[in-house]
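K.L.:
Listed below, chain by chain, are the residues.
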Amino acid sequence: MSTTAQPGPVNIPAPRSPQRSSQRSNFELYSWLFMRVSGIVLVFLVLGHLLIMNVLDGGVQRINFAFVAGRWSSPFWQVWDLLMLWLAMLHGTNGMRTIINDYAERDQTRFWLKMVLYIAAVFTIVLGTLVIFTFDPNIG
Amino acid sequence: MATVSGGTLYRGGEGMWTWVVHRIAGVAVFFFLLVHVLDTALVRVSPQLYDEVIASYKTPIVNLLEVGLVGAVLFHALNGIRVILVDFWSKGPRLQRQMTWVIAAIWVVLMVPGTYFMLKHTVEAMFGSAS
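Chains Y and C, in that order, give the protein sequences.
Under my numbering, the residue at position 122 of the first sequence is numbered 122, and the numbers go up by one with no gaps.
Quick note, my numbering runs 1000 ahead of the 1-based positions in the second sequence.
Please note that a few of the clues may not be correct.
Going by beta-carbon spacing under 10 Å, a handful of chain Y positions derived as facing chain C [said to hold, decoys possible]:
no.	residue
1	Pro13
2	Ile63
3	Leu85
4	Asn101
5	Ala104
6	Ala120
7	Val131
8	Gly140
Quick list of simulated restraints, FRET-style, between CB atoms [unchecked claim]:
no.	chain 1	residue 1	chain 2	residue 2	range
9	C	Pro1060	Y	Ile119	43 to 51 Å
10	C	Ser1090	Y	Gly58	40 to 48 Å
11	Y	Asn26	C	Ala1055	43 to 51 Å
12	C	Ala1105	Y	Ser25	39 to 47 Å
13	C	Trp1019	Y	Thr134	34 to 42 Å
14	C	Val1021	Y	Asp136	39 to 47 Å
15	Y	Asp107	C	Val1067	38 to 46 Å
Some chain C residues well away from chain Y (every beta-carbon gap over 12 Å; in silico) [stated by the list, open to error]:
no.	residue
16	Arg1044
17	Ala1055
18	Lys1058
Just so you know, these hints were derived from the structure itself, not from any lab.
Remember, predicted model here, so these are calculated numbers, not experimental data.
For glycine and all other residues, C-beta sits at the position ideal for the given N, C-alpha and C.
With the hints as extra help, turn the sequences into a complete structure.
P.N.:
Pasting the structure below:
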């Protein structure tokens, strides 16, 4: 088979031609891959978090300020919570972005829903990060 | 359109329904996550205020909602692993239907003791401890 362009009514570039690939962004590929990589990490971080906080040793009934202070005195749980916050927020925001793209049909609606989503995501990530890094067990 | 002659409705297979539940669970968990970062941020305001708000998590109705949250997260996690196996495991696409029933079984096996421990205190407080 010849790979040269055939004369015809519509000029469609051959698949994998350099011009086509250089015009396209790989963002959706990286987004797809990120959902899988972050998902595997979150399985351990989030299910571990839920097991400790909700199931083991009395579950939610034993959680109070002193309990949080005890946990965040350890860098291990600080890193755990920080990593969980960032990965869960990015994973969740990217999932919401996909859902908005699927169901919001008007360009304006899609644009503004995603703006609200991104503002909420940045606010939550920044707030959560500041809380972990500036936590003071002797407050009040 | 969903209808063809005879008015039959496409009811989907296991794959479609896990996709639907995966989305609904994901959205629910995302909104809880926003709220959860806000309530945890109260540790920077005052220990008393944090303890007051966390006390609402220990009430019977919210306690029941927590079981729902854990169930949603667990399903999303298990089905996410199934999706990854379908994408990357050579036998994944062929076994996707069987994997759906495997994750359903794992979900039930983990949720039964999980629900017991999550609701133990609430049930004892409402109906009295057996001991």
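K.L.:
State for each hint whether it applies.
P.N.:
Here is what the structure says about each hint:
A distance limit of 10 Å between C-beta atoms decides the matter here; for Pro13 (chain Y) the minimum to chain C is near 28 Å, and the interface restraint is violated. A hinted interface residue such as Ile63 (chain Y) counts as satisfied when its beta carbon comes closer than 10 Å to some beta carbon of chain C; here the least separation is about 6 Å, so the hint holds. Hint on Leu85 (chain Y) holds. Least Cβ distance to chain C is approximately 7 Å, under the 10 Å limit. Here the hint on Asn101 (chain Y) is broken, as its CB sits about 13 Å from the closest CB of chain C, past 10 Å.
Taking 10 Å as the C-beta contact cut-off toward chain C, the hint placing Ala104 (chain Y) at the interface is violated, the least distance being around 14 Å. Given hint, Ala120 (chain Y) at the interface with chain C, holds; its Cβ is 6 Å from that chain's nearest Cβ, closer than 10 Å. With a least beta-carbon distance of about 5 Å to chain C, the hint placing Val131 (chain Y) at the interface is held under the 10 Å criterion. Below 10 Å, beta-carbon pairs count as interface contacts, and Gly140 (chain Y) has one with chain C at about 5 Å; its hint therefore holds.
A beta carbon spacing of about 35 Å between Pro1060 (chain C) and Ile119 (chain Y) contradicts the range 43 to 51 Å that was offered as a hint. For the hinted restraint 40 to 48 Å between Ser1090 (chain C) and Gly58 (chain Y), the CB-CB distance of approximately 45 Å keeps it satisfied. Between Asn26 (chain Y) and Ala1055 (chain C) the Cβ separation comes to about 48 Å, which falls inside the hinted range of 43 to 51 Å. Taken as a hint, the range 39 to 47 Å holds for the pair Ala1105 (chain C) and Ser25 (chain Y), whose Cβ atoms sit roughly 41 Å apart.
For the hinted restraint 34 to 42 Å between Trp1019 (chain C) and Thr134 (chain Y), the CB-CB distance of approximately 41 Å keeps it satisfied. For the pair Val1021 (chain C) and Asp136 (chain Y), the supplied restraint of 39 to 47 Å holds, since their beta-carbon distance comes to about 41 Å. Restraint check, Asp107 (chain Y) to Val1067 (chain C): a C-beta distance of roughly 40 Å satisfies the suggested window 38 to 46 Å. A beta-carbon of chain Y is positioned within 12 Å of the beta-carbon of Arg1044 (chain C); the least distance is around 5 Å.
Its closest Cβ contact with chain Y, about 9 Å, brings Ala1055 (chain C) to no more than 12 Å, contrary to its assignment away from the interface. A beta-carbon of chain Y is positioned within 12 Å of the beta-carbon of Lys1058 (chain C); the least distance is around 5 Å.
The structure fails to meet hints 1, 4, 5, 9, 16, 17 and 18 from the earlier list, while all remaining hints are met.
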